[in-house]
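For reference, the chains in residue letters:
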Amino acid sequence: MSPIDLPLGILAAAFALTLMRIATGPSLADRVTAAELAFVVLLAGIGLLAARLHSTHALTVAVIAALLQFIATAALAALLLRAEPREHELP
Amino acid sequence: MTWIGTGIATLGALLCLVAAIGLLRLHDALSRLAVTTKASTLGLLFSMIGVAVLFPEIDAVVKAAATLAFLMLVTPISGHLIGRAAYRAGLTGTLRVDELAEAEARAHHGGDGGTGTALRYGSEDDVTDDMED
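One line per chain: the protein sequences are W and H, in this order.
Here the first sequence is numbered in our numbering, starting from 35 and rising by one per residue.
Here the second sequence is numbered in our numbering, starting from 383 and rising by one per residue.
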């Protein structure tokens with residue numbers, strides 16, 4: 035039992051709450067926001083896991099995931115712009 | 383050293399938890415977006431500082447710093463993208479002050495014609511309309 039398990043447990047709780055918002059989010063924008071937060075929580079978890087296992091390879095995964103996150107979020111935002119019906123059309 | 387690093391990492395994890403609770407408890411998309419972007423950036427900052435303290439090798443510290451730098455570059459941009467998409471989808475919720483709508487109304491009705499025009503966002507017809515004016 036390492037002391038690093040404490041922040042990892044807190045991050046697991048945060049991840050669970052985020053998944054609840056993804057499941058219940060009324061609009062697509064809420065789900066995209068929640069997915070972004072889930073990703074950040076995952077990055078922090080990977081970093082702490084790397085420190086707990088004393089291995090650098092997990093941190094490489096975190097770097098690549100952080101690079102890919104922007105593409106994912108930009109794609110989701112484009113999807114959001116197309117998918118949601120507009121309530122007020124611009125004149 | 384382990385305890386200092388664990389303390390900092392726990393602080394970061396708690397900030398992430400605060401972001402998650404805010405995401406679950408706030409009432410509209412733009413407020414959720416606001417709490418998420420700020421608290422998660424700060425949470426990852428503290429988590430990665432904690433990782434760097436717990437694992438003080440040059441390799442690990444550089445990778446943690448790179449992750450943090452990418453995320454701090456990306457989070458404001460993606461927050462802006464999602465916020466704009468949510469606004470355009472009409473998910474303004476309990477927004478009290480809507481300066482963008484005011485500026486759009488000014489620009490469209492040919493009010494002051496100055497500052498509002500640059501804020502507009504629309505199809506190409508709108509742009510040609512502006513040209514004709």
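To be clear, the hints were calculated from the coordinates, so they are not data collected in a lab.
Among the hints, erroneous ones may be present.
Stated by the list, open to error - Residues from chain H that keep clear of chain W, each with C-beta distances beyond 10 Å, as calculated:
1. A395
2. E439
3. K445
4. L453
5. I464
6. T476
To be verified - Label-pair ranges, simulated between beta-carbon atoms:
7. S89(W) <-> A487(H): 19 to 25 Å
8. M383(H) <-> L115(W): 36 to 42 Å
9. T90(W) <-> G475(H): 29 to 35 Å
10. S413(H) <-> A47(W): 19 to 25 Å
11. S413(H) <-> A106(W): 31 to 37 Å
12. W385(H) <-> A47(W): 46 to 52 Å
All C-beta atoms, glycine included, are put in the ideal place defined by N, C-alpha and C.
To see whether the hints hold, each was checked on the structure:
Distance check on A395(H): its Cβ comes as close as 4 Å (rounded) to a Cβ of chain W, failing to clear the 10 Å threshold; non-interface status is violated. Under the 10 Å C-beta cut-off, the non-interface status given to E439(H) relative to chain W is violated; the minimum distance is some 7 Å. For K445(H), the condition that its CB be more than 10 Å from all CB atoms of chain W is violated, with the nearest at approximately 4 Å. Against the 10 Å criterion, L453(H) falls within the reach of chain W, whose nearest CB is about 5 Å from its own CB.
Consistency note on I464(H): stated as away from chain W, yet its beta-carbon is not over 10 Å from all of that chain's, at 5 Å minimum. With a least beta-carbon separation of about 14 Å from chain W, T476(H) lies farther than 10 Å from that chain, consistent with its non-interface assignment. Range check, S89(W) to A487(H): about 57 Å between beta-carbon atoms, so the 19 to 25 Å window is missed. The hint said 36 to 42 Å for the Cβ distance between M383(H) and L115(W), and at roughly 48 Å that hint is violated.
With their beta carbons about 44 Å apart, T90(W) and G475(H) fall outside the hinted range of 29 to 35 Å. For S413(H) and A47(W), the Cβ-Cβ distance of about 21 Å falls inside the hinted range of 19 to 25 Å, so the restraint holds. Checked against the hint of 31 to 37 Å, the pair S413(H) and A106(W) fails, with Cβ atoms roughly 23 Å apart. At about 22 Å, the beta-carbon gap between W385(H) and A47(W) misses the expected band of 46 to 52 Å.
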